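Chains as they are written, first to last, in our numbering: chain A, 1 to 109; chain B, 1 to 414.
These are calculated hints, taken from the structure and not from any lab test. Just so you know, nobody snuck in bad clues.
Taking lysine-lysine pairs in the DSS-like style, the calculated list, with each CA pair at most 30 Å apart, reads:
1. B:K216 <-> A:K106
2. B:K231 <-> B:K216
3. A:K106 <-> B:K213
4. A:K106 <-> B:K65
5. B:K2 <-> B:K53
6. B:K144 <-> B:K154
7. B:K154 <-> B:K267
Okay, the calculated beta carbon distance ranges per label pair:
8. B:S407 <-> A:G61: 21 to 31 Å
9. B:G198 <-> A:E17: 54 to 64 Å
10. A:W103 <-> B:G225: 22 to 32 Å
11. B:G142 <-> A:D14: 44 to 54 Å
12. B:E245 <-> A:S33: 17 to 27 Å
13. A:A19 <-> B:F403: 14 to 24 Å
14. B:R146 <-> A:G32: 47 to 57 Å
15. B:E245 <-> A:A19: 25 to 35 Å
16. A:D14 <-> B:S407: 23 to 33 Å
Note that this is a predicted model, so its numbers are computed, not measured. Glycine residues also receive a C-beta, built at the ideal position from the N, C-alpha and C atoms.
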Amino acid sequence: MLILTCPYCGVAADETELACGGEAHLTRHGPGSSDDAFHGYLFSRKNPRGLHVERWRHVQGCGKWFHAARDTVTLQVFGTYPAQSHEPPEDIVRAIRRRHPEWTWKGAA
Amino acid sequence: MKRYSAFAIAREALRNHTGWERAWRAAEPRKQYDVIIVGAGGHGLATAYYLGKNFGITNVAILEKGWLGGGNTGRNTTIIRSNYLQDPSAAIYEKARSLYETLSQDLNYNVMFSPRGVIMLAQTQHEVRGYLRTAEANALQGVKTRFISPKRVKDLVPIINLDGPRYPVLGGLWQERGGTARHDAVAWGYARACSDMGMDIIQKCEVTGIRQKDGKVMGVDTSRGPIDCRKLGIVVAGHSGVLAEMAGFRLPIESVALQALVSEPIKPCMDVVVMANTVHGYMSQSDKGEMVIGGGADGYNNYTQRGSFHHIEETVRALVETFPMISRLKMLRQWGGIVDMTGDRSPILSRTPLEGCFINCGWGTGGFKAIPGSGWGMAELMARGHSPLTDAFSLDRFREGRFIDESVAAGVAH
Ligand SMILES: Cc1cc2nc3c(=O)[nH]c(=O)nc-3n(C[C@H](O)[C@H](O)[C@H](O)COP(=O)(O)OP(=O)(O)OC[C@H]3O[C@@H](n4cnc5c(N)ncnc54)[C@H](O)[C@@H]3O)c2cc1C
Ligand SMILES: [Zn+2]
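With the sequences and hints as input, model every part of the structure.
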């Protein structure tokens, strides 16, 4: 069972209490953007084998969206942080690097 | 290649089975091939086979990082059906189903195709209307299916509980010539035939990079050194995103774990495949007597080949309601595979932004049934540049909004 700690209510929630919202920090291209950018935002995904930064919602709890950094192979969780952020915070990046020294934050897609 | 036959069995019986050949050669990689296929699952092997058989292209290597058939092809629950809703799906899945009918003869390898019939139960009014609609669509597409009454369901499946507490059975979509086949045998049969045509199947050879020049594919880097090619086919299911990253593009695909489990073997009790999409479970009985059970996929990206336990619980709970007699069965094994999910739950068979590089993926939870048709179409796509079977499944359908929406029609993993 995957367990993530909700950064708002502090509950260590089982995956059955949560819903995954997919890749995080996508730039929301909309009207006025190029077809390529809009297509990319709607459909193209990193889908990495390894470190994934993603959105989750504490549906059966406080109902809020948050972010998590997780390894898709080992399911190791490197931390969770509030939705109101544009990139993973320092301490989570450090935790990730301890395990994946080559990992860098490539910025929003 | 020595053909398998009743005569061969008799001959070998008389000489202590010393004359059986290896089914395929263990090939060493050469420097260059006309075509490289990455991934020796059913779809990769079938693509190679029809490249040789239909287009005479035999200077082909099939590269596999693990062992042949060790991906989803060897992990699936082997349901074969073609009762899809949209025309392009019906065309490719029915092509595949019809090729399955004669695949054993074609490959001279017993793939144990068993057209025992598949029922998709309708357990809500919504499902009844959905399947009535699918049955009409199938009639127009030339796919033989029928909506049947609860009484007929009970005749076909005596062990079923029609009036379950939550979701009584209101009917079913019945495809008489759907069924199952032996998954390993499909991979092995294609591999044997490919090897016989002179193709190289190279196992334990992981592709680690895709070499390109001026937007054109030149070859691949592998754990066994670089290999050149003119055309490249990426057919790696759950790992499609990893290969796309090497080639320099992104896909509308998310990889998740899908699980299955089998029970201890019991006496024959159910000779059709039953799928219960509302309650999320499906079941068939293998020739060994095991009840083969599958259900839902994980709700988040992962490459664990394991899956979350609560999904098994949900699946088994649903099936015990539908088939009360299985409540005391012991489960023998559970496993997972990494499935490649697209947004419209339809596959991608397409050229890619990299010239000479083609991709066949997105079969997600339901591509075993499609192996022969997918290989047929993919071979034509790679040989000719397009194929009537695959054109609708191109990568640019997402950009152009031409979805082939089967998510409503399928609803469950299988
Ligand atoms: C539990 C489960 C149940 C299922 N049930 C059904 C069912 O009942 N009916 C149905 O129709 N479908 C079912 N499916 C789906 C079906 O199994 C797949 O759609 C199908 O097998 C995909 O075949 P493939 O050849 O594309 O992929 P695979 O068989 O996964 O083959 C891809 C191969 O690529 C190799 N590979 C990956 N990366 C590399 C690399 N870098 N270099 C070299 N090789 C690489 C892998 O090792 C693998 O062998 C099920 C799937 C699962 C997991
Ligand atoms: Zn919360």
